[in-house]
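*Asks:* Sequential numbering of the sequence shown, starting at 37, is according to this note's numbering.
Note that these hints are calculated values from the structure, not bench results. Idealized CB from N, CA, C, for every residue including glycine. Treat the hints with caution; some may be incorrect.
Cβ pair distances, simulated, as ranges [stated by the list, open to error]:
{"id": "1", "residue 1": "GLY140", "residue 2": "LEU95", "range": "17 to 25 Å"}
{"id": "2", "residue 1": "SER94", "residue 2": "LYS54", "range": "28 to 36 Å"}
{"id": "3", "residue 1": "LEU95", "residue 2": "ASN55", "range": "29 to 37 Å"}
{"id": "4", "residue 1": "LYS91", "residue 2": "CYS117", "range": "16 to 24 Å"}
{"id": "5", "residue 1": "SER125", "residue 2": "ALA38", "range": "30 to 38 Å"}
{"id": "6", "residue 1": "LYS107", "residue 2": "LYS74", "range": "14 to 22 Å"}
{"id": "7", "residue 1": "THR100", "residue 2": "GLN80", "range": "16 to 24 Å"}
{"id": "8", "residue 1": "THR49", "residue 2": "GLU155", "range": "18 to 26 Å"}
{"id": "9", "residue 1": "LYS96", "residue 2": "LYS57", "range": "19 to 27 Å"}
{"id": "10", "residue 1": "LYS54", "residue 2": "LEU95", "range": "29 to 37 Å"}
{"id": "11", "residue 1": "THR49", "residue 2": "ASP123", "range": "17 to 25 Å"}
{"id": "12", "residue 1": "MET37", "residue 2": "SER94", "range": "33 to 41 Å"}
The list that follows gives simulated cross-link-like pairs (lysine-lysine, DSS-like), each with its CA atoms no further than 30 Å apart [to be verified]:
{"id": "13", "residue 1": "LYS54", "residue 2": "LYS96"}
{"id": "14", "residue 1": "LYS111", "residue 2": "LYS96"}
{"id": "15", "residue 1": "LYS113", "residue 2": "LYS96"}
{"id": "16", "residue 1": "LYS113", "residue 2": "LYS98"}
{"id": "17", "residue 1": "LYS113", "residue 2": "LYS148"}
{"id": "18", "residue 1": "LYS148", "residue 2": "LYS91"}
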Amino acid sequence: MAKTVVGITESVTIIAGKNVKTYAVFDTGARLTSIDIKLAGEAQVGPIIRTTKVKNPSLKVKTTRPVVLIKVRIKGKVYECEANIQDRSHMTAPMIIGRNVIAGNFIVDASKNLKKFNEMRRLKGMPESHGIRRIADFSGGKGTKK
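Model the full structure from these sequences, guided by the hints.
*Replies:* In structure tokens, the structure reads:
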């Protein structure tokens, strides 16, 4: 099956008790998809199927997060996946699409939609990102430098 090229940010729809459209960052460094706790409530996701421990690289601590099964529409196609729930209010986007969805389905072109990504960062009071120069294809490799 052909992979879809996506940018670093894309419009997605969470399909649960209520369908909610939002923006997500495609993060090849994240193993699992992650959604903001308020977004999870708005979309009425659930039930919690398990918990997972996630290491925060900046704080160097592990936190336990609840995990739910969700469906997410990306570029017209629906994917079912596990997603952890956390407070993402201080982060760039309310949702991260992790490798559990990216692998085998998408090629992430980090230069695509960089303007939108930086606009999202500015709205959160964060500095712009200038150094993204990587295209990741998770068909088993680790991506290629451009």
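*Asks:* Determine for every hint whether it applies to the structure shown.
*Replies:* Structure-based check of all given hints:
| no. | hint | in the structure |
| --- | --- | --- |
| 1 | GLY140 <-> LEU95: 17 to 25 Å | violated, 31 Å |
| 2 | SER94 <-> LYS54: 28 to 36 Å | holds, 33 Å |
| 3 | LEU95 <-> ASN55: 29 to 37 Å | holds, 34 Å |
| 4 | LYS91 <-> CYS117: 16 to 24 Å | holds, 20 Å |
| 5 | SER125 <-> ALA38: 30 to 38 Å | holds, 36 Å |
| 6 | LYS107 <-> LYS74: 14 to 22 Å | holds, 19 Å |
| 7 | THR100 <-> GLN80: 16 to 24 Å | holds, 22 Å |
| 8 | THR49 <-> GLU155: 18 to 26 Å | holds, 20 Å |
| 9 | LYS96 <-> LYS57: 19 to 27 Å | violated, 35 Å |
| 10 | LYS54 <-> LEU95: 29 to 37 Å | holds, 32 Å |
| 11 | THR49 <-> ASP123: 17 to 25 Å | holds, 22 Å |
| 12 | MET37 <-> SER94: 33 to 41 Å | holds, 36 Å |
| 13 | LYS54 <-> LYS96 | violated, 35 Å |
| 14 | LYS111 <-> LYS96 | violated, 35 Å |
| 15 | LYS113 <-> LYS96 | violated, 36 Å |
| 16 | LYS113 <-> LYS98 | violated, 33 Å |
| 17 | LYS113 <-> LYS148 | holds, 20 Å |
| 18 | LYS148 <-> LYS91 | holds, 28 Å |
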